[in-house]
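**Student:** If you want the building blocks of each chain, they are given just below.
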Amino acid sequence: MDSETAYFIREAKHDRNRALAFLFETYSRKIFKAAYVYFRSQEQAEDICQDVFAAASARASGFRGGSKVYTWLYGIFLNKARDMMRRQYTEDRAVREKQETAGITRSTLLEHDPEELALKEDIRAAVNEAVYTLPEDMKILIIMRYFEDFSGKEMASILDMSHARVRSKLSEARAALRGILIKEHI
Amino acid sequence: MDCREAEKLLRISPEDRSTEEQKKLEDHIRSCEACREEELLQRMDALVSSSLRMTGDEAETNRVRFIPVDDPVSEQRRTVHWAAAASIFFVLLSGTLGFMLGQARSEVKHLSSRLEQARKGRSALERSVQEKEERIQALEKQKGSGAPRTVNYYIFDRMDTEQPDIRQAVFSPGSVPEDIQKLLKGNGNENNYY
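First to last, the sequence lines map onto chains A and B.
Quick note on the numbering used here: the first sequence kicks off at 22 and runs consecutively.
Quick note on the numbering used here: the second sequence kicks off at 655 and runs consecutively.
In case anyone wonders, no lab produced these hints; they're calculated from the structure.
Don't be surprised by glycine CBs; every beta carbon is placed ideally from N, CA and C.
Do not rely on the hints blindly, as some may be mistaken.
The following label-pair restraints were derived from C-beta to C-beta distances [stated by the list, open to error]: (1) 680(B) / 83(A): 37 to 45 angstroms; (2) 657(B) / 174(A): 23 to 31 angstroms; (3) 686(B) / 34(A): 26 to 34 angstroms; (4) 96(A) / 686(B): 16 to 24 angstroms; (5) 717(B) / 192(A): 34 to 42 angstroms; (6) 181(A) / 669(B): 36 to 44 angstroms; (7) 717(B) / 107(A): 23 to 31 angstroms; (8) 192(A) / 662(B): 12 to 20 angstroms; (9) 731(B) / 68(A): 29 to 37 angstroms; (10) 107(A) / 657(B): 37 to 45 angstroms; (11) 123(A) / 674(B): 32 to 40 angstroms; (12) 107(A) / 680(B): 45 to 53 angstroms; (13) 758(B) / 31(A): 43 to 51 angstroms.
Coverage of chain B stretches by chain A, computed from C-beta distances (three or more under 8 angstroms per stretch; other residues unrestricted) [unchecked claim]: (14) 694-706; (15) 712-720.
Listing some non-contacts, in silico: residues in chain B with all C-beta distances to chain A over 12 angstroms [stated by the list, open to error]: (16) 676; (17) 678; (18) 681; (19) 683; (20) 685; (21) 686; (22) 691; (23) 743; (24) 748; (25) 749; (26) 750; (27) 769; (28) 770; (29) 782; (30) 783; (31) 794.
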């Protein structure tokens, strides 16, 4: 158990408000960014943040340090995000999922440095659109892997899956993203 | 170079590869479809990672606020718990009150029945007292007026007889009945009567 986790457990036992203040100061921006990437909306990111820290405050005393604090908090975030996503799943979104996304060509990707490509707004928009179009479970895996940089073990712990299943699902998600994002010719 | 070596080199960034390694890799990738696909995926991973991070950085994190309220789900759960506790309390309270009311009712019923019995007993006693008083009055009246009374008496023909002759006669108070006097005279014992 790292010192941060031990500190949080200690504070959660004695003073819930201080534990919450620590949690909010340390992770609120990170969670807000995660929510923004997930929903691509400031308002929804704000709502999710509120819900996540309210839930974390209520559950703080039950945290036993089985994982890192952020991993635990991300699990709460993911549940809230899924709930919100289920609520806002509309026919519009279902129609958009079937539409072709702009994507990028194979040659563009092979001939340029990926980090330089990401600086271009239209390329970034195409990537975001492709990620957003993925089925929900795949989208979660891609964001956890490429935005949060969680290890396979951490992902398995948050998603309550075996490590092998995470690897296999991630491989499927990666193939699906490749199919949506990379066009042979445009 | 085989695919395994190529895959190892693809996992490290191009700047960290030597010129020779880079050349060998490019030659291999040109001829190997699987490695071309792996390189494409590696580049896609890097692009997705950078794009998502830049998108995350676009978020106006200064807007992040937290109003410390209870988690709506926990709040809801707590409300349900309170409602359940209140329901149980009211059920128990009404049960207890119902039981106590039932007890009180049966007690009242029992006391009413005892009161009724007491009333009946009292009127029976009153009647009995009245009857006794009436009888006393009748007896008093009988005594005062000197009315004759019927009594049993015993005639002994001989003093040692064991079979007395039992007869009835009407006595007036303070006098020996006439038929007894006659009887006694007839036996020559007129002064010996009992």
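**Student:** Hint by hint, say whether it matches the structure.
**Tutor:** Against the structure, the hints:
1. 680(B) / 83(A): 37 to 45 angstroms: Since the Cβ atoms of residue 680(B) and residue 83(A) sit about 55 angstroms apart, the hinted range of 37 to 45 angstroms is violated.
2. 657(B) / 174(A): 23 to 31 angstroms: Given about 27 angstroms between the Cβ atoms, the range holds.
3. 686(B) / 34(A): 26 to 34 angstroms: For residue 34(A) against residue 686(B), whose Cβ atoms are near 58 angstroms apart, the range 26 to 34 angstroms is violated.
4. 96(A) / 686(B): 16 to 24 angstroms: At roughly 41 angstroms between Cβ atoms, residue 686(B) and residue 96(A) fall outside 16 to 24 angstroms, so the hint is violated.
5. 717(B) / 192(A): 34 to 42 angstroms: holds (36 angstroms)
6. 181(A) / 669(B): 36 to 44 angstroms: holds (39 angstroms)
7. 717(B) / 107(A): 23 to 31 angstroms: holds (25 angstroms)
8. 192(A) / 662(B): 12 to 20 angstroms: Cβ of residue 192(A) to Cβ of residue 662(B): about 19 angstroms, so the range 12 to 20 angstroms holds.
9. 731(B) / 68(A): 29 to 37 angstroms: At roughly 20 angstroms between Cβ atoms, residue 68(A) and residue 731(B) fall outside 29 to 37 angstroms, so the hint is violated.
10. 107(A) / 657(B): 37 to 45 angstroms: Given about 42 angstroms between the Cβ atoms, the range holds.
11. 123(A) / 674(B): 32 to 40 angstroms: For residue 123(A) and residue 674(B) the Cβ distance comes to about 38 angstroms; the hint holds.
12. 107(A) / 680(B): 45 to 53 angstroms: holds (47 angstroms)
13. 758(B) / 31(A): 43 to 51 angstroms: violated (57 angstroms)
14. 694-706: Coverage by chain A holds here, the residue count being 12 at a Cβ distance below 8 angstroms.
15. 712-720: holds (count 8)
16. 676: holds (14 angstroms)
17. 678: holds (18 angstroms)
18. 681: holds (15 angstroms)
19. 683: With a cut-off of 12 angstroms, residue 683(B) comes too close to chain A, as the shortest Cβ separation is near 9 angstroms.
20. 685: The assertion about residue 685(B) holds, with a minimum of 15 angstroms to chain A.
21. 686: holds (14 angstroms)
22. 691: Given a closest Cβ separation of 9 angstroms, the condition is violated.
23. 743: Holds: least Cβ distance 25 angstroms, greater than 12 angstroms.
24. 748: Non-interface label stands for residue 748(B): nearest chain A Cβ at 33 angstroms, farther than 12 angstroms.
25. 749: holds (34 angstroms)
26. 750: holds (35 angstroms)
27. 769: holds (63 angstroms)
28. 770: holds (65 angstroms)
29. 782: Its Cβ never comes within 12 angstroms of chain A, the nearest being 82 angstroms, so this holds.
30. 783: holds (83 angstroms)
31. 794: holds (98 angstroms)
In summary, the numbered hints that this structure violates are 1, 3, 4, 9, 13, 19, 22.
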